[in-house]
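J.: Residues per chain are reported as follows:
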Amino acid sequence: MTALLIARNTFREARRDRMLVAALWAGGVLLAATQLLSPLALGEGLKLTIDVGLSGISFIGLTLILLVGTSMVAKEIDKRTIYNLLARPVARRSYLVGKWAGLAATLWVTAIAMGAGLVLLLVVRGHVEHLAPIAQGVYFAGLELSVVTAIAVMFSAVSTPVLSALYTIGLFLAGQWSYDLRAFADKFPPAIAAVCHLTASLVPNLPLFNIRTLAASAQLASFDHVAMATIYAVVYCSAALCLATAALETRDLK
Amino acid sequence: MITDEHGSAPDARAPGTPAGAAVSARGLTKHYRHPWTLKLTRGLTDLNLEVGRGEVFGYLGPNGAGKTTTIKLLIGLLRPTSGEAWLLGKPIGSEASRRRIGFLPEQPYFYDSLTGREYLEFAAQLSGLGGQEASTRARHWLGRVGLGERPRLALRKYSKGMLQRIGLAAALIHDPELVILDEPMSGLDPFGRRDVRELILEQRDRGTTVLFSSHILPDVEMLCDRVGVVLGGKLVRTATVNELVASQQQRVEVRCVGAPLIEVPARWRGRIERVELPEGTTFVLADEREVNDVLAWLLANGATLRAVTPQRASLEDFFLSVAESEGQSRRMA
Numbered sequence: 063m064t065a066l067l068i069a070r071n072t073f074r075e076a077r078r079d080r081m082l083v084a085a086l087w088a089g090g091v092l093l094a095a096t097q098l099l100s101p102l103a104l105g106e107g108l109k110l111t112i113d114v115g116l117s118g119i120s121f122i123g124l125t126l127i128l129l130v131g132t133s134m135v136a137k138e139i140d141k142r143t144i145y146n147l148l149a150r151p152v153a154r155r156s157y158l159v160g161k162w163a164g165l166a167a168t169l170w171v172t173a174i175a176m177g178a179g180l181v182l183l184l185v186v187r188g189h190v191e192h193l194a195p196i197a198q199g200v201y202f203a204g205l206e207l208s209v210v211t212a213i214a215v216m217f218s219a220v221s222t223p224v225l226s227a228l229y230t231i232g233l234f235l236a237g238q239w240s241y242d243l244r245a246f247a248d249k250f251p252p253a254i255a256a257v258c259h260l261t262a263s264l265v266p267n268l269p270l271f272n273i274r275t276l277a278a279s280a281q282l283a284s285f286d287h288v289a290m291a292t293i294y295a296v297v298y299c300s301a302a303l304c305l306a307t308a309a310l311e312t313r314d315l316k
Numbered sequence: 053m054i055t056d057e058h059g060s061a062p063d064a065r066a067p068g069t070p071a072g073a074a075v076s077a078r079g080l081t082k083h084y085r086h087p088w089t090l091k092l093t094r095g096l097t098d099l100n101l102e103v104g105r106g107e108v109f110g111y112l113g114p115n116g117a118g119k120t121t122t123i124k125l126l127i128g129l130l131r132p133t134s135g136e137a138w139l140l141g142k143p144i145g146s147e148a149s150r151r152r153i154g155f156l157p158e159q160p161y162f163y164d165s166l167t168g169r170e171y172l173e174f175a176a177q178l179s180g181l182g183g184q185e186a187s188t189r190a191r192h193w194l195g196r197v198g199l200g201e202r203p204r205l206a207l208r209k210y211s212k213g214m215l216q217r218i219g220l221a222a223a224l225i226h227d228p229e230l231v232i233l234d235e236p237m238s239g240l241d242p243f244g245r246r247d248v249r250e251l252i253l254e255q256r257d258r259g260t261t262v263l264f265s266s267h268i269l270p271d272v273e274m275l276c277d278r279v280g281v282v283l284g285g286k287l288v289r290t291a292t293v294n295e296l297v298a299s300q301q302q303r304v305e306v307r308c309v310g311a312p313l314i315e316v317p318a319r320w321r322g323r324i325e326r327v328e329l330p331e332g333t334t335f336v337l338a339d340e341r342e343v344n345d346v347l348a349w350l351l352a353n354g355a356t357l358r359a360v361t362p363q364r365a366s367l368e369d370f371f372l373s374v375a376e377s378e379g380q381s382r383r384m385a
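Heads up: the sequence lines are chains A and B, in that order.
The first sequence begins at 63 in the numbering used here and counts up by one.
The second sequence begins at 53 in the numbering used here and counts up by one.
No lab work stands behind these hints: they were computed from the structure.
Mixed in with the good hints there might be a few duds.
[Unchecked claim] Okay, the calculated bits of chain A under chain B, using three or more residues with CB under 8 Å as the criterion:
hint, stretch
1, 128-137
2, 150-156
3, 303-315
[Unchecked claim] Simulated restraints on C-beta separations:
hint, chain 1, residue 1, chain 2, residue 2, range
4, B, M274, A, I174, 55 to 61 Å
5, B, P242, A, K141, 25 to 31 Å
6, A, Q281, B, H192, 56 to 62 Å
7, B, D339, A, K141, 49 to 55 Å
8, A, T125, B, R105, 50 to 56 Å
9, B, S134, A, R70, 35 to 41 Å
10, B, E250, A, A94, 57 to 63 Å
11, B, Q363, A, R70, 56 to 62 Å
Model, not experiment: these values are computed from the prediction.
Note that beta-carbon positions come from the ideal geometry of N, C-alpha and C, so glycine has one too.
Based on the sequences and whatever the hints tell you, model everything.
T.: Laid out in structure tokens, this is it:
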């Protein structure tokens, strides 16, 4: 219950932040840019629009996470606003879950708003067959952003805003290349390969959430894929938030 | 157990059953170790304290003495190095211990984008009140602390005094049984201080236990049933304000005329201060027991008495003397 209250407050704060408005404007500009570039895409204009539109959701979401999420807990400790919450019957885990849920909800709303803009654009251009794949693409982008948000909150609970931003970017990039890391591991001796495989298992498997190519060709991801991505996101977010809670539980709030 | 300069325990009421007291601490200690240099800083050492229910307890000490460390330990923001403590019978650090307490941090900070009313509703809900009840109380408390006229003003536009008031309202909105205030008068103008004093007195009348730290000794003297003095991370004395003040040597001021040429005998030098004023001479006696001898000596030398006024020692006098004696004993050690 308290986590829900904190999530609602975090969402309300983020909604009033100019950063969110700027992000939505940036999304609009990105979509408009695809329309200007479409004639240069040699017949692949539709594909370009969908690909850039869905990538834009991830990119703008990641930017918001880096600007807001990575400093979220650290800033609260630094500004001492956290005292107002933790001096009440609020468990530290509820606080972290609430902060994560509030920012994740903000990112979901942003993703849905940008997805709606993309759908509107395609409807105007008469490409209704892409609506379901785009909706699925937005869902996957939301899952991906939720995972990255959990990572940002985890680092924010133990580090400074700058360092947690760097760690989050690092883990995001490593996550994007997790498949390459596994392929790379096979070229090394067994001991190093084991380390590479372990690293690839620990970093978030972000390619799992990338269905942009499928959506651009009006194809839907399978039910198994959707279920796997959903379960993976839930498990990864839970693990990151558990680690964050363990770190915050023992931390002195000076 | 720490003993004070009289050889007695700092808290005359030794900690008993935790459930019976509003605040109870046994051997509560907080030391910090620097992560790189490993240098140890003693924030608070072996605190034994008991604050009874319904009591207004003032926690005094200079900057860096350990007041805020104690409060943060009680609230659960810091983890103790050793020792244990209870709030309203519940062990500190547990959610249950914070369920019936109100807390105002020193220089409170809030979520800038919220309005005063939204913040109070949020605070009330976090303390377990339902949405409708939280809304009703938010309106009431906003008016109670004098901010009711602009409920939609964002907190970022609040002045320091307004923030202190909204912080107090948030601390009291859920009718807590124990209120812990860290420097509640800090940075307030005289009107703000008066309002805070009234709120504390109102809580006392309701039977709420109030523990607050302060530098402003006249306020502490006016409000507190008992005070504790913390110096260098150690609680050196707890007593009622009257006990503390009575334990101080009473000074006496003797005003007279016709004494400008009388010389103070050598035996009293250093114990009698002489002040020449246009309207006469004032002798300030450090020890009231000498008043009869001094009066006899003045009358014998032809002076005319105008007034004999006992000077009641203030809490400030007590505080300064304790701080100085502690400083001296440490230097000697």
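J.: All hints are to be evaluated individually against the structure, with a verdict given for each.
T.: Here is what the structure says about each hint:
1. Look at the stretch 128-137 of chain A against chain B: 0 of its residues bring a Cβ nearer than 8 Å to a Cβ of that chain, fewer than three, so the hint is violated.
2. Counting residues of the stretch 150-156 of chain A whose CB falls under 8 Å from any CB of chain B gives 4; the rule of at least 3 is met.
3. Here's how the stretch 303-315 of chain A fares: 3 of its residues keep a CB closer than 8 Å to some CB of chain B, so the rule of at least three is met and the hint holds.
4. About 58 Å separates the C-beta atoms of M274 (chain B) and I174 (chain A), a value consistent with the hinted range of 55 to 61 Å.
5. The supplied range of 25 to 31 Å is met by P242 (chain B) and K141 (chain A), whose beta-carbon atoms lie about 28 Å from each other.
6. With their beta carbons about 59 Å apart, Q281 (chain A) and H192 (chain B) fall inside the hinted range of 56 to 62 Å.
7. With their beta carbons about 52 Å apart, D339 (chain B) and K141 (chain A) fall inside the hinted range of 49 to 55 Å.
8. Look at T125 (chain A) against R105 (chain B): about 53 Å separates their beta carbons, and that is inside 50 to 56 Å.
9. Here the CB-CB span from S134 (chain B) to R70 (chain A) is close to 39 Å, well matched to the stated 35 to 41 Å.
10. Between E250 (chain B) and A94 (chain A), the C-beta spacing of about 60 Å keeps the proposed range 57 to 63 Å intact.
11. For the pair Q363 (chain B) and R70 (chain A), the beta carbons lie near 58 Å from each other, so the given range of 56 to 62 Å is met.
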